[in-house]
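Asks: Make one complex out of these two single chains by using the hints.
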Amino acid sequence: MGRKLLLDKINVENIRLYDVYRREGGYRSVEKALKTMSPEAVTEEVKKSGLRGRGGAGFPTGMKWGFLAKPAGVPRYLVVNADESEPGTFKDRYLMEFIPHLLIEGMITSSFAIGSNRSYIYIRGEFAWIVDILEQAIAEAKNNGWLGKNILGSGFDCEIYVQRGAGAYICGEETALLESLEGKRGNPRIKPPFPAVKGLWDCPTVVNNVETIAAVVPIINDGGEEYAKIGIGKSTGTKLISACGNINRQGVYEIDMTISVEEFIYSDEYCGGIPNNRKLKACIPGGSSVPILPANLLLTTAKGEKRMMTYESLADGGFQTGSMMGSGGFIVLDDRQCVIRHTFTLARFYRHESCGQCSPCREGTGWMEKILWNIETGKGKMSDIDLLWDIQRKIEGNTICPLGDAAAWPVAAAIRHFRDEFEWHITNPDDAQRRNYGLAGYADPIKIATPA
Amino acid sequence: MSVKFSDSALKEVQRIIAFYPEGKQKSAVIPVLHLAQKEFGGWLSTEAMDYVASLLDILPIEVYEVATFYSMYNLKPVGKYMFEVCQTGPCMLNGSDDIIKYINDKLGIKPGETTADGMFTLKTVECLGACGYAPMMQLGKNYREHLTKEKVDALIAECRNSAATNN
Ligand SMILES: Cc1cc2nc3c(=O)[nH]c(=O)nc-3n(C[C@H](O)[C@H](O)[C@H](O)COP(=O)(O)O)c2cc1C
Ligand code: SF4
Ligand code: FES
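From first to last, the protein sequence lines stand for chains L and D.
My numbering applies: residue 1 is where the first sequence begins, and numbers increase by one.
My numbering applies: residue 1001 is where the second sequence begins, and numbers increase by one.
It is worth saying that the hints were derived from the structure and are not from the lab.
Small disclaimer: the values here were computed from a predicted structure and weren't measured.
We put the CB at the ideal spot given by N, CA and C, even for glycine.
Heads up, a few of these hints could be off.
Quick list of in silico lysine-lysine cross-link-like pairs, DSS-like style, CA-CA up to 30 Å [as the list claims (entries may be wrong)]:
1. 1038/D to 370/L
2. 370/L to 394/L
3. 1101/D to 379/L
4. 1151/D to 1141/D
5. 191/L to 1024/D
6. 1038/D to 1080/D
7. 1110/D to 1141/D
8. 379/L to 1110/D
9. 191/L to 1106/D
10. 1110/D to 1151/D
11. 370/L to 1106/D
12. 1080/D to 142/L
13. 191/L to 379/L
Beyond 12 Å from chain L on every Cβ pair, some chain D residues (computed) [what the hints assert, rightly or not]:
14. 1024
15. 1065
16. 1109
17. 1159
From chain L, some residues computed to sit far from chain D (all C-beta separations above 12 Å) [what the hints assert, rightly or not]:
18. 44
19. 118
20. 143
21. 267
22. 306
23. 347
24. 355
25. 385
26. 396
27. 420
This is chain D alone, in the form it adopts within the complex (with noise of 0.2 Å):
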């Protein structure tokens, strides 16, 4: 895949960079480190975080660092769906536990884990602020909450059918 952003995401980049007082851009590397684990296929090579580094006019150490810091980017590959699942203790306290070896059952998968045709990564994940909603999970850009087994079962026929039809 070759590094590099569409128009419209470096269109993004330049709106994201106004938003700070001139010379203040490297302020834009976690909104852009963002944009760039959703341009090239859900995670950060260091040929990506490199091409950040060279867009925002600073080192490329100070993009790893921030990278490696917070826990939404990913390092490796994943799965075209993840299940990021909350273990606190409030979900904990409505099931969390249970949703999270219920996926794991059924994808064959423990936290941390691709399945084989790279469809899905389970991870869990620390308190999202959606506790009084629990259990629940991140899924791409939203939430899916008050989980079930019932409601993960659709989830996943969902994720399946929307691959079948993007591709």
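Chain L extracted, bound-state conformation (with noise of 0.2 Å):
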């Protein structure tokens, strides 16, 4: 059994409610940092912790309070980013659903390290139970004195409140969530600025991700350097992994990274293997935004070394070989499944997700879209694997936010591990229409094919 720090009050009976939160240990790290600790103490130990954001991108969360700028009297926000809606995903909903205080106490915590007075946890329209549940935690911290004006005579004021979405993916990049938040269309902002010098309300502002936050809980408990003991190299700690598509065990798992992807796919204790005694064909680990790996690649490297669930071994290979951590969200498809038919889906949402702004990601994510029905229908060409591959690289880099590079790399990576599938669809149609790819055994060794 692998160490928990954040699920590992899951199964106590009633932890969602605060007298039981409370009675195992909740609410400690508050103390401790308000009565014991400066901020600058406080965001030391993050930054010991070696924390990387649990949202997606994998940037040291220390350091990133540490950007944080404190012009004299202009407020400082926290904004919490639960808009959760990453394709493969569904790791904060679990959290915050089952120990919604864990959420509230880091954010206290964090709150008192960056020194705002008012933070926010933006959640996607669609957790509307949640948005309940989350504002009973708010009030039962805030009738316990844990919020609220001059928390435990520390003289530090602060409130939470929840904003809800309404339905939009992009709400998740953080500069399209402050503008959420500040009751516009979620459009990205040209960065820089950062949200760290100008965020909401042009104030400087940190987003973090839900279990970014939550972790900071077990890290001033125990402090960062006990938090850094775990895993390997510069993934410290324990990360949620959301695992979906065909395996045994759906749901959501904490993971110490010290384990295989192996290990992870077949253990009785994670997935616990693939259903009907299929065979592993391909698997999404990070999200639908990263590269999706064949199975050869996705046990080993390419350098043949066994791959770890971990941010360096995942990206091991670059996008040639390897792929990425990405949000934990691990999609895993069986020899059933149909690649094109996949990533037409993942084009297709990416298309409605798109908010239009640059022309690249609006007019490609669509390109991408059709052609991929066309080649899973059977009316594909030849020349539109290479189009749809061109349509990709003139899309990646070259819009203003990183959906465009999220749309463009499942694509991409589609193409270079399965362009066989590809050519099957076009020359074969009736027989791809019958889920019979011509391709047998994806869990022997393919050959990597890589387009100009």
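Replies: The structure is reproduced here in structure tokens:
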């Protein structure tokens, strides 16, 4: 059993309620921080922990807090990103639904470090029932003196508010999120300036993922150095992985970053293998935006090493032969599944979610969706494969926000690793419709096609 | 329908406005539009949007901009019950296409359509953050997960029952 820091109490009955959470040692980090530490010392512990942002980009959290501008007389804000809309990702929801006080506790401690007297949770609009759970937790925390004025006599004031979105993946991008929080369309801002300098209502702002802020609790309780002892290299601490697709045990798992991908998929402690004795064909290990990998490259790196569930190992080989940890949305495809169809649904997703500000993203995502649909339904041409490749190349790096890249990468990786399947759809459309892709045994090594 | 919030909704508006610093009440537009949609029959008419603008002391265009951007706002009337079925990759891997087709056959409505009796609307949506509980749909405030054809039948019956008892 790996170490658990966030979900260790998840099975305690009624842990959702304040009294139970407190009895189990909850809110100790707030006591410790507010009574015995300075805000700078809290930030220092987070730096020492090596914690990396759990929202997708993996940026070191302590460093991000360190960048925050602190002009006199200007408020600063902590905004928690609970937009959770990346396909394959459902971990923040789990945390908020079942142990909401962990997030509230982490927010109070983090708000103290940053100097935020008014902190927000921006939650995707569809999670309507979770808003009620969070608001109840906030009210309980406030009734017990953890929020409000002069918390624990420390002189620190803090309030937490929950703001619902209304259906828009792009509002997970931090500057689009801030626009939305200001009551506008979720159009990402041009950076710089970064939120650390000009964020919510032009004030210095820290935006962090739900899981990132929850991790601050064990970091302050046990110290940053203790946290950093868990894991391998720069992948410190524990990570929530939401596993879905064709596996026996879908769900949210807290892993310490010392296990292999193979163990994660096949061990009964985690995914429990592939149903119906099917073979593993492919996997998107970090949410829909990161490259898909065929089974052979998923389980071992191109260098022949065992691939581990760490930031570094998942990225080993770059985009040629590797992928990314991303948001920890782990999507598994068995050998019945069609990579073209799956990639098509993702292209449709990105077309639907593009905010429309940049032409490469607005137009390119629609083209990719159409071309993939044609190939999938047997109306594709060989030249379509190169056209797709060309379009994704023209989107990547040419847009205001990373949604453009996020739309391009899945298409690029599908072509890179499954070009034979694209070709089969074009040459044998009838067979492809019958789910016969002319390919045997994806768990065996496949040659890697690298288009120019 | 007269476009005016109930007293309890007006109280809720005041509670939401207080989330934001003085003068930043525009931030309340997204939650207040949710409230308007709930109060005014499941969709947002121009009148309803103008009313929200007046409540928040912002221009109507500022409300339209927001209402047209986010996918949860309905700008046309919808059925009493909306089946919002997720169709993105992870749900597709677990059979969401079959669920959509089943609802389509059973109720005779394609995605985007409403039954003639105004009871049901079918809508396909993109990933709702429930990929591990696929296939799934949103129905009102809640998620219905691990859908099967039998569960869809039961949901349809449940909606019909609750409509019959509420009328
Ligand atoms: C298109 C897009 C969608 C994103 N969606 C989310 C999201 O749903 N949740 C999240 O925490 N971060 C999301 N991010 C990342 C945020 O922009 C930001 O990096 C993150 O909230 C920072 O928090 P962290 O450092 O704690 O990870 C998204 C980024 C992009 C470009
Ligand atoms: S890349 Fe796409 S989503 Fe991002 S700002 Fe440009 S158009 Fe909008
Ligand atoms: S893909 Fe359907 S909920 Fe995520």
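Asks: Are the hints correct? Go through all of them and say.
Replies: Right, here's what the structure says about each hint:
no., hint, verdict
1, 1038/D to 370/L, "36 Å, violated"
2, 370/L to 394/L, "17 Å, holds"
3, 1101/D to 379/L, "22 Å, holds"
4, 1151/D to 1141/D, "18 Å, holds"
5, 191/L to 1024/D, "23 Å, holds"
6, 1038/D to 1080/D, "11 Å, holds"
7, 1110/D to 1141/D, "22 Å, holds"
8, 379/L to 1110/D, "23 Å, holds"
9, 191/L to 1106/D, "49 Å, violated"
10, 1110/D to 1151/D, "19 Å, holds"
11, 370/L to 1106/D, "29 Å, holds"
12, 1080/D to 142/L, "38 Å, violated"
13, 191/L to 379/L, "41 Å, violated"
14, 1024, "6 Å, violated"
15, 1065, "6 Å, violated"
16, 1109, "20 Å, holds"
17, 1159, "18 Å, holds"
18, 44, "30 Å, holds"
19, 118, "7 Å, violated"
20, 143, "17 Å, holds"
21, 267, "17 Å, holds"
22, 306, "25 Å, holds"
23, 347, "10 Å, violated"
24, 355, "8 Å, violated"
25, 385, "20 Å, holds"
26, 396, "20 Å, holds"
27, 420, "21 Å, holds"
When held up to the earlier numbered hints, the structure conflicts with 1, 9, 12, 13, 14, 15, 19, 23, 24 and fits the remainder.
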